[in-house]
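Colleague: Given only the sequences and the hints, what does the whole structure look like? Please build it.
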Amino acid sequence: MPMVNIAGKDYEAVEEKVELTEGHWEVVNFLREYYAEYQIAPAVRVLTKAIGKKLGPDKGNNKYLYELFPYGPAKQACKIAGLPKPTGCI
Amino acid sequence: MAAAEFDIPEIKDYIEVPKLREGAMAHAKTFLAPKPVQDFMGYPHELADDWKESALEKMGDLLGKYRSLKVFLDACVHCGACTDKCHYYLGTSDPKNMPVARQDLMRQVYRRYFTTAGKLFPKLVGAKDLTKDVLNDWYNYYHQCSECRRCSVFCPYGIDTAEITMAGREILNHIGMGQKYSNEILGKVQKIGNNLGLPGPALLDTLEGLEEDIEADTGVAVKLPIDVKGAEVLLVTPSADFFSEPHVESLIGYAKVFHAAGTSWTLSTHASEAGNFGLFNGNYETMRKVAMRIRDAALELGVKRIVVGECGHAWRVAYSFWNTLTGIGYGADDPFSIELQKQLDPNYPQPQHICELTNDLIKSGKIKVDPSKNDDLIVTYHDSCNVARASRMGTEPGGQFIIPRELIKSVVNNFHNMADDTIYESTFCCGGGGGLLTDDLMEVRVKGALPRATALNNVVKEHQVNFMATICAICKAQFTKVLPKYGFDMSMVGGVHQLVAKAIILD
Amino acid sequence: MSTLTIIYAGLFYIATLLLVVGLAYKIFDYSRTPAPLKIPTTPAPVTQTGVVYRMAKEVVLFESLFKSSKWTWIFGWLFHFGLLLVLARHLRYFTEPVWFWVNIVQPFGKYASIMMVVGLAGLLARRFLVDRVRYISTPSDYLMLVLLIVIGSSGMLMTFVAHTDIVALKTFFMGLMYFDVQPVPQDPILLIHLALVALLMLIFPISKLLHAPGLFFSPTRNQVDNPREHRHVAAWAARLDQKN
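Protein chains in written order, with this note's numbering: chain P, 1 to 90; chain H, 1001 to 1507; chain B, 2001 to 2244.
There's no promise every hint is true.
[Claimed, not checked] Computed footprint of chain P on chain H; a stretch qualifies when at least three of its residues, placed anywhere within it, have a C-beta under 8 Å from a C-beta of chain P: (1) 1192-1202; (2) 1237-1245.
[Stated by the list, open to error] The following residues of chain H were derived to be distant from chain P, with all beta-carbon distances above 10 Å: (3) Gly1060; (4) Glu1211; (5) Lys1366; (6) Gln1464.
It should be emphasised that the hints constitute simulated quantities derived from the structure, not laboratory data.
Cβ atoms here follow ideal geometry from the backbone N, Cα and C, with glycine treated the same way.
Modeller: Here is the structure:
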């Protein structure tokens, strides 16, 4: 995977620092379920809303997701979940 | 493979023309398309033994089909007027990113094999044999051009490097050197219906979710209908509008406009993409096939109007080419076009840009807006290259500059233009257009955004601008990713209909 | 008849033939090659009259060049309009009686040669001085300017310093036009001047001098911006419609 230098840190090194907690697994599992149903990763908006519905409104926001996945739920969480990254004008 | 790290250019007070640094971007090579991707497109995936003959044969074919290519390769006098006009040259200082030098990569081969002077005196006229080195230069530098046409504005003969880049990519594809990003997307749009690869059920689920969001937010049941037969308007919009931030905000804006105006409208799963990467590849038939999905959807749904959402190159293809490619438009008397014309409402331009539609509705008082809802914003507008230099809105030349600005000014109270030489027909590309919006070209994208970032920085300093509106999915995606590297907040970029969505008054 | 006369007469017949046939072929070739898509650089005129006006501004004022580089524009314009006046002045060697308007431009044409050579010198200097222009310049780009400068200066030399026998010269050219070859005047400066002009005529249709006809065929400049109102289809593209 080609990765640019993000905010002065190396992406690969950061990824290793993520220890998967219960909270991470909730997100990863949702991503995998969504992918199994729709053959594409969910939009960030869909992800936050679904997490909010499932785990309560305090978790259904970008802030919570970014705390779990500091390099972006779309990019980092999808990668950990093993989902192919969607491409297009995005 | 990790992409090489690179320095982020420093923003100066004005856009500086750099000294040449030869080979500065020779390493930037976008990923080649693998076999399955090329197979689907009907292209080989690697060079055959006769690649050179095959390339020259294709070049001859294109020279016979495109007057632009033939005239442009002949007419250049190397006057140098274009040398400081390309954002990629300004951002990278690589001389091969000067428009004329980019053209010369092909012109040298054209002269060698297709002109008397180049056959007799190659050294004298700068003619060169087609070698693997030349081919690699083609691949690298024809993927460092966003086909934005800024050079063509300034050329005394109107030479448009985009035409040469497109021909270059077409030849490269033909001999097995396709670009992964663009060709993968062309596969998805033909197999699934949109560039993103968003299947119908996912799209439906997304739209339902958005309806819930809008109702929760406004208390009004604004709908996002899809595949509704007999609707008046078919809205064709880039699939990024269904998926990405800030794109989605504009989609919400379109829905609110149709709701407020009481116009029945529909999206289409079959034509869930306005974008047409066939343009970037320069392949007429691919572009036609992709565009034909919209004609098919329009016939199937029986709509009377076709409206295009916020997408720059899509608007070029829709406005300039749809009539040619698919008969969406007027003035033709062939059976192919007549079939569609019987259905479309002649009281409206076909296709119509969403900004034309919304601006008309606001001006005629059919929808009401409250610009003070956007009083937290000081707004500037980025003219997207394909809209600015390859299309029009309204009936007058230059409507493509005036109408979006009129629309913005009717929904916001604070608006400032960026510097004159960076807007209108002189606008700078975002740096991600033309099939370059991929992570493997991040260095090219970041550096290519320097002129725009410089112009933006100046209005931020002078007028405290905190929002740059634009009407292109690529611009939005590119800027949200690249501007933070220059220290701007990613949320300061968004669509014009994002502003409309905030200001519109719903019943 | 002297060998020299035969050489020069032959040279001008061949050069004229190749110039006319070469240019005619190129123009034919451009006009038969279709432009399948509407690609005017916008904002563009929405009527045919508007296009004529746009093209006229390009041809007469070099409008696009004016937008891009003031130095190149000044030198380029000086050269081209100097050349135009100089060429007009030269018509007196090919007409009898001399057309009245040629007599009117005659005194201006004399000094226009200075405009022309100054412009050329400026364009040549840019090729050396601006790193970006130096990078894109091929040997032929320099030589073309040098060729024109030598043609211009040899002409100026004969106008202002060492007058040549223009009556004999006119007899030579009128003779060529009526296929009644007369002796070429044996003035070395004139012979150099004439030989280089013939060379210029020879290379015109196979060189970048094709920018002259090319401009008129440039789709980004000569197309009307009306794709929504009028369907524009090339013959090879229209065949695709029949498959649907």
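Colleague: Would you mind marking each hint as holding or not holding in the structure?
Modeller: Hint by hint, here is what the structure shows:
1. Three residues within the 8 Å Cβ limit are the bar, and the segment 1192-1202 of chain H against chain P gives 8, so the coverage statement holds.
2. As drawn, the segment 1237-1245 of chain H meets chain P at 7 residues by the rule of a beta-carbon pair under 8 Å; at three or more, the given contact holds.
3. Look at H:Gly1060: its CB is around 34 Å from the nearest CB on chain P, clear of 10 Å, so calling it non-interface holds up.
4. Chain P leaves H:Glu1211 outside its interface by the beta-carbon criterion, the shortest separation being 12 Å against a cut-off of 10 Å.
5. Every CB of chain P lies more than 10 Å from the CB of H:Lys1366, the least distance being 30 Å, so the non-interface label holds.
6. Every Cβ of chain P is farther than 10 Å from the Cβ of H:Gln1464; the closest lies at roughly 25 Å, confirming the non-interface assignment.
Figure legend: structure checked against the earlier numbered hints; every hint is met.
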